[in-house]
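Protein chains: 2
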Amino acid sequence: MTDSKLNIDRVALEQLLNKRFFYAPSFGIYENVAGLFDFGPTGNALQQNLISLWRQHFVIEEDMLEVDCSIMTPSQVLKTSGHVDKFTDWMCKDTKTGEIFRADHLVEGVLESRIEGDVLARKMADMSVSDGNDKTVATDAASSSKGSNAKKNKKKGGPIVATKLDDSVVEEYRNILAQIDNFDGHGLAGLITKYDIRNPDTGNEVTHPVEFNLMFESNIGPTGHIKGYLRPETAQGQFVNFARLLDFNNQKMPFASAMIGRSFRNEISPRSGLLRVREFTMAEIEHYVDPLRKQHPRFSEAADIKVPLLPGSVQLEGKSQPIVMTIGEAVEKKIIDNQTLGYFLGRIYTYLIIIGIKPELLRFRQHLQNEMAHYACDCWDAEIKTSYGWIECVGCADRSAYDLTVHSNFTGEKLCVRENLSEPRVYEKLVCEPNSRVFGPKLKKAAKPVQEHLASLSADELTSVKNALAKDGKAVVKLSGTTADGEYEITPDMVSIENKTITEHVREYIPNVIEPSFGIGRILYSLIEHSFNVRADDEQRAVLSFKPVVAPFKCLVLPLSGHPSFEKPLLDVARRLRSNGVPARIDDAASASIGRRYARNDELGTPFAITVDFQTADDNTVTLRERDTTKQIRGSVEEIVTLVKDLVSGNTTWDDVLASHQLVNTAAASS
Amino acid sequence: MTDSKLNIDRVALEQLLNKRFFYAPSFGIYENVAGLFDFGPTGNALQQNLISLWRQHFVIEEDMLEVDCSIMTPSQVLKTSGHVDKFTDWMCKDTKTGEIFRADHLVEGVLESRIEGDVLARKMADMSVSDGNDKTVATDAASSSKGSNAKKNKKKGGPIVATKLDDSVVEEYRNILAQIDNFDGHGLAGLITKYDIRNPDTGNEVTHPVEFNLMFESNIGPTGHIKGYLRPETAQGQFVNFARLLDFNNQKMPFASAMIGRSFRNEISPRSGLLRVREFTMAEIEHYVDPLRKQHPRFSEAADIKVPLLPGSVQLEGKSQPIVMTIGEAVEKKIIDNQTLGYFLGRIYTYLIIIGIKPELLRFRQHLQNEMAHYACDCWDAEIKTSYGWIECVGCADRSAYDLTVHSNFTGEKLCVRENLSEPRVYEKLVCEPNSRVFGPKLKKAAKPVQEHLASLSADELTSVKNALAKDGKAVVKLSGTTADGEYEITPDMVSIENKTITEHVREYIPNVIEPSFGIGRILYSLIEHSFNVRADDEQRAVLSFKPVVAPFKCLVLPLSGHPSFEKPLLDVARRLRSNGVPARIDDAASASIGRRYARNDELGTPFAITVDFQTADDNTVTLRERDTTKQIRGSVEEIVTLVKDLVSGNTTWDDVLASHQLVNTAAASS
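Sequence lines, in order, name chains A and B. Mapping of the first sequence onto UniProt numbering: residues 1 to 671, in sequence order. Mapping of the second sequence onto UniProt numbering: residues 1 to 671, in sequence order.
Derived DSS-like pairs (lysine-lysine); straight-line CA-CA distance at most 27 Å:
1. B:Lys252 - A:Lys19
2. A:Lys466 - A:Lys445
3. A:Lys645 - B:Lys645
4. B:Lys227 - A:Lys79
5. A:Lys547 - B:Lys645
Far from chain B by the CB rule (all over 12 Å, computed), these chain A residues:
6. Ala373
7. Leu443
8. Glu452
9. Pro492
10. Ser565
11. Lys631
12. Gln632
13. Thr642
Rather than coming from a laboratory, the hints here were simulated on the basis of the structure. None of these values were measured; they are calculated from a predicted model. Built from N, CA and C at the ideal position, the CB exists for glycine as well.
Just chain A, with the same shape it has in the complex:
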């Protein structure tokens, strides 16, 4: 269990994130609603930096067509996409109090509590500790140490009761937990009955799970008749614009659209901080590709990237150790379905490493057949290891032609590509042609629907009609779902059904879509966990070691003390940094020692600090401190500002700076 979770002091980290306003529950001074979070100045800047890098890495470098579509979506669009019917979770209710649970979370919580109770019982037996009472309620030490949030974070599976279970039962529970995501409503109902799962707080039985749609609903306009949903993903806005985008791209294929924006999911039970929320920022790419040519023109650039893969076949063997191999090898061995999918896995990997995700805490897990949507032909998740376990942060699916097909079918608008063939395609085809002198007059208003029906028949079906006409002298056509439903008799004089030679100069196809989809909040939280350290010499001093390129604030500017002579040079340095586009924070709180001010900015993850001291007045020099090494150098204001700009933009590194500058000898107090 533990080796699938990152071992960090999450309580300390959460306190830091709250204190330094990375994020906090929205509308916290009101009775706040679960699953909504506000990003403070620190979290917001971090998020913006992740988005900027994403835009540079994907949109600009790959020349994607970035769009910005409406969040409010008329219901029919999401009916067509399948979300109105299928975007649901299973919920059940306490039969007496009416309290609502997400069914899989309830089963999970109760079974986990039982396993923990078993572990506790075995431990107590081992220690030969017995107070003559077989069952003991454990004190909820872990949650009470969380401070003020403890009361709100109810233990989801109820109090842990020390009750020994049979080994086989424990094994059974663990098996269920490992595949809890795969149970549908029926399966969950079975588990609830079989294992007598109840509301842990009341002991009451719960109802059979029913489906709950996860979309927020609203009405558009004053009549109340136009139903809308808040989009649950950015993808549909991109799909419905496909024809415009293809046109913008001068009809050239393949190409990609992209969108960064807010999406909404009305989760039954939000939990795990930023990991399961009701409103979140996502970044999605829809790469449109010819289904017959899934090669990628830049594949060679990704082919040599080594990535840790956990293919379906390995998971089915019950293993969780990823295989490290190059993208090129994985595509060649058909572990990854095609070059385009492989190329994007490589690009996703590079992006995550650039922002500071630790490579050893990152893996690509392939979806098993039963996890995938029926239309998907391959899907991989970039999973990042956190203290909550392996978290899906980026999905990368080949969605085939599903989305464009359903929108095109419903609206009647062509969402397809027409390709001029250099060699025309010539083939034989059985074709039904009406004899207009007889066909129309006989069928009257039904003529057009009958003709369309005949044109839509397969070769086999059309052969049956032809045979019937030859044998019986007639054939019956049955229409349904048209404006002229009913049965119509066709006679041989009305149609000719013959093989014809067809010559096509244009190939028309609906592109397949490869969709890398990024949960920005999840990536942000995982990155914070990976960046969280304590000073080697003082466990109380936490540091967020963000890379300069993602750090929320790039440079701290501070005076050695509250001496009034420091104010002018301080403002001058800050102004110069800001007008160079370097976000700089001043920390001149005279009440705090310089050591304490360094420490609190270490908690913001600020990589550099410029200090104005008494020497500044003499020679206009300042010191520059780097967060992780705590080493300092000295230089003129001009030089140091330029240096910081170069450090932040990646034009130079701190190692280079150290190699070319003399260290300042700092007293312990100011390090």
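Using the hints provided, position chain B relative to the given structure of chain A.
Using the frame of chain A, we list chain B on its own:
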């Protein structure tokens, strides 16, 4: 009328914006819903650039605390802020068909049609044209020339009927139209009755106007019991976080928070393209300031900026010609209420000029007393002149302490600043102190509420109590809205009411808020109108002359023709630009001449174009063309890429480039 509107060919512009996918109605392949727009690659990039510049100009240079709060807002927050009760428009219905109108738009449309009918009638009389028929229905030439949108854009006031009106009636109508925004429901009802305003399409009467709340409503969570609204502005999320933000700022005042994000207004009748929509991106600053010290530390930087002002006093004189003066002078003369408000007007002006708004098409209009919220003490709109008239694009209001006060009162959370006074404040105050031996035992459970009531009395009220006790030997306290409502008798033994000397070391105050609020979509649309030109030598060739810093795509890369040898250098140039962060588009459509490709990228507003030609293979040089001058120079790939990077970042200008390079002699066809 016409001189208040920018004279451009809006039909041509709209066709260009649609063709080049700046934006388009959302979900256009479905039956689309009014007031929702998708930004295509061009519009999105333009919007992103406006946002980046905004962030640099305000957030970074002014060290504002940018946050990112939830869109979904629990209803109580917006009940407290006043939006649930007051954020409404007036709507009325056709009494027979039920068709819904925004009441002010209906009145406006009908009166405008009548005035146009009058103009037409007078014109016909002048021309002595008469077909013996007094009333003539004009052909709707203007709207049919709009092409495919004509059917959807119904003439809002009905067909124009040539009917002469009395001069005094025309005058009356014009007066109403000039102040249509100032009528409430009662006033609009009066107009509808007095002028017999009907549904122009059916001739039916309309109902009295009723209030319609403009917020989109939804339910949060699975119970359906938690009502939420989509935020109508970003401000409230900032206000409720005030205490956290002050803390983050180390308790230092003044400071500002800022947010860029989506907001929603369920408009009754969206219209005028991006100008009145249901979902939009806004950027808001909340600057928190001591009500006693509204000076601004950087005021001197804004004091010399000359701005066109239209103060309330000038408007009341019926004038519309702005006064041009410096911010410093306007604040000194109290035309602008205070330094901080003035400083922000200056910064807003600078921002709008930087992005390319034409200074002669920009003015600051002060709200009249009856336009302002009751709590606001001064408010100015930055209005930009467009073909729709003067459009409010930025509001800048002094909201006093209203918002923080109401949220604080409702939640009981202190949203205030505690300032340590250097000199303690000493004053006399009448104070009521309970005698604890008698007070508690006599009043029992009511003791605390009665004591709180007494403490809340004003000096005059407390004096009355003191007098009653002295005269009658008793006083009656009446509680309401407490846990112990009722009347309670107080006797002299229970309290002592005496003057005391109070010494305060801390001053506690609720800050005032200065709020610059930017409608990004409106600014974007206005900027497009200001950038729209046609080539002097060819009116059919439209150009969007965006400054390089806001242009959606910075550089076009194209081959002289479809010759295969151009492909490699083409990709090389594009790759180099993109990895330098310069968004570059390739246009290698072999079917289009180079002139046509230049032209279509002029329509995207792309300022620079690099062309690969036959000479490139020989000496690795390319040409660089600038959009507005259409002049070209030649240089090595490396030099030109660096030059473009510098041009885009503002490190150099095209004039500088022309001064130091020889012009390429271009054939007419390729200009």
